[in-house]
Amino acid sequence: MRFELYAFLLYYLPKENFLSIIKLKMILVLNCGSQSVKWKIFKRNLEPVLSGKREYFKKEKVKKILEEELKKIKNYHFEINFVAHRVVHGGKYFQPTIINSQVIREIEKFSEVAPLHNPFEILGIKVSQKIFQKAKQIAVFDTEFFKNLPEVSKIYPLPKKIKEKYLLRRFGFHGLSHKYLTYKASEILKKPLKKINLITLHLGGGASITAIKNGQPIETSMGFTPLAGLLMTTRSGDIDPGLVLFLVKKIGLEKTEKILNFESGLKAISGYADFRKILVGQEEKSKLALEIFVWQIKKYLGAYYEILNGKVDGIVFSGAIGAGLPKTRKLILKNLTFLKKTKILAIKTNEAYQIAKEIKENFDI
Numbered sequence: 038m039r040f041e042l043y044a045f046l047l048y049y050l051p052k053e054n055f056l057s058i059i060k061l062k063m064i065l066v067l068n069c070g071s072q073s074v075k076w077k078i079f080k081r082n083l084e085p086v087l088s089g090k091r092e093y094f095k096k097e098k099v100k101k102i103l104e105e106e107l108k109k110i111k112n113y114h115f116e117i118n119f120v121a122h123r124v125v126h127g128g129k130y131f132q133p134t135i136i137n138s139q140v141i142r143e144i145e146k147f148s149e150v151a152p153l154h155n156p157f158e159i160l161g162i163k164v165s166q167k168i169f170q171k172a173k174q175i176a177v178f179d180t181e182f183f184k185n186l187p188e189v190s191k192i193y194p195l196p197k198k199i200k201e202k203y204l205l206r207r208f209g210f211h212g213l214s215h216k217y218l219t220y221k222a223s224e225i226l227k228k229p230l231k232k233i234n235l236i237t238l239h240l241g242g243g244a245s246i247t248a249i250k251n252g253q254p255i256e257t258s259m260g261f262t263p264l265a266g267l268l269m270t271t272r273s274g275d276i277d278p279g280l281v282l283f284l285v286k287k288i289g290l291e292k293t294e295k296i297l298n299f300e301s302g303l304k305a306i307s308g309y310a311d312f313r314k315i316l317v318g319q320e321e322k323s324k325l326a327l328e329i330f331v332w333q334i335k336k337y338l339g340a341y342y343e344i345l346n347g348k349v350d351g352i353v354f355s356g357a358i359g360a361g362l363p364k365t366r367k368l369i370l371k372n373l374t375f376l377k378k379t380k381i382l383a384i385k386t387n388e389a390y391q392i393a394k395e396i397k398e399n400f401d402i
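Here the sequence shown is numbered in this note's numbering, starting from 38 and rising by one per residue.
Do not take every clue at face value.
The calculated label-pair distances, taken between Cβ atoms and stated as ranges, are [stated by the list, open to error]: (1) Ile199 - Asp277: 17 to 23 Å; (2) Ala357 - Lys335: 25 to 31 Å; (3) Asp277 - His114: 53 to 59 Å.
Worth flagging that the hints you see were computed from the coordinates, not collected in a lab. Built from N, CA and C at the ideal position, the CB exists for glycine as well.
Based on the provided sequences and hints, a complete structural model is requested.
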C-alpha cells in the first residue's frame, strides 16, 4: 500500500513537491460517526493530500475498523502533527481544545444527549491516541459556531437553578457545516462576511436550518441536543414534550430514547431511512413523508426570513439532500413568493476543510 501511494504521488507530482509532501507536517481530520469513519489529510496551507472513508457494517467491530483505518494512515509515513477530531457535543467546551482526560469526561457526559455521535467520537479519540502518540489530539466542536447566540434564541424558559446545574441551553449543531457555508456564500456573492445575511440549510441524514445576520448565527433549529428541529431520517425532530413524558411513563426511558433517535422521522412515516427512496416512492406513505419534510422546512424559511427583516442575501442548500437533489430544492422553494429576489445557492459542504482551518487559526503549525 505504501509503495502504491508513493508511486502515485511520484507520477503525478513534480519530484520536489513529492519529497516535500512526505516531510511536511500534516493535519489529520477524523470524523467518526455512527455509520462510518471519514478522514482527510491536509497540508498546513489547507491543501488536501489524501482522504478516505470506511463504513461499519457491524457495530461490535467499530473499534477494530478504526484501528485498521488509522494504522493504514500511519503506514503512509506522513508526519501527522495534529489529529483533529470532529466532536458533536462538547458540553462546556466550545473552542478547539487539546484533548486530555477532563475533556474526554465532558464529551462522555454529553453522550447521552448525542447518542448517534459522541460515543463513536470518543472511541476514535482513544484509538487515535494510541496510534498517533506524538501528535497533538484536538477536539473541534460542532457547537462552537453557535456559542454566542442571542439570549432570545439561546435561553430555555426553565428554572435558573436547573439550567445552571445541567448546562441547559440551545447549543445548535452542524455548526462546522453552517460556518463553512457562511464563508463560502460570502465569497460567491462577493459580499463582506460582516454584512451578509443568509439562511443556511444542512439537509442530510441529520437536518438543521440556521439564520445568519451579519455573518453570525442568530437562530438555529437544533437545540440542547441534535434531536430538535426538523424531522430527520430516523430522528423525530420537534414534538410535544408532553408526548415524550407520556411515552416514558408508558414504555420507559430506554425505549422512548431509542424510538425518538432511531425509529422516528422519515423512517417512521415512509418505512425508508434513505431519502432517495422516499423521493421516487409512489406509495402514499412516501409522498406523505416528503410532504411533511418540505412543509416543515417552508415554515422555518418563513420564520427566519422574518427575523432577518426580509433582508436575506441568499438561501444556501447543502448536505446530500440539500445540495445533491435539485428536486428537493424545487419542492421547498415552490410558491415561496417572498424569496423571488433572493439568491439560491447549492453548495457542497466541507466540514473537514473547516476543521483543518480551525486548527490552523487556533494553533501554531
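* Starting from the hint 25 to 31 Å, judge whether the C-beta atoms of alanine 357 and lysine 335 obey it. => violated, 20 Å
* To do: Please test the hint of 17 to 23 Å on the beta carbon pair from isoleucine 199 and aspartate 277.
  => Given range 17 to 23 Å: holds, Cβ gap about 20 Å.
* Asked: Using the C-beta atoms of aspartate 277 and histidine 114, is the stated range 53 to 59 Å upheld?
  -> About 56 Å separates the Cβ atoms of aspartate 277 and histidine 114, which means 53 to 59 Å holds.
The structure does not agree with numbered hint 2 stated previously, though it agrees with all others.
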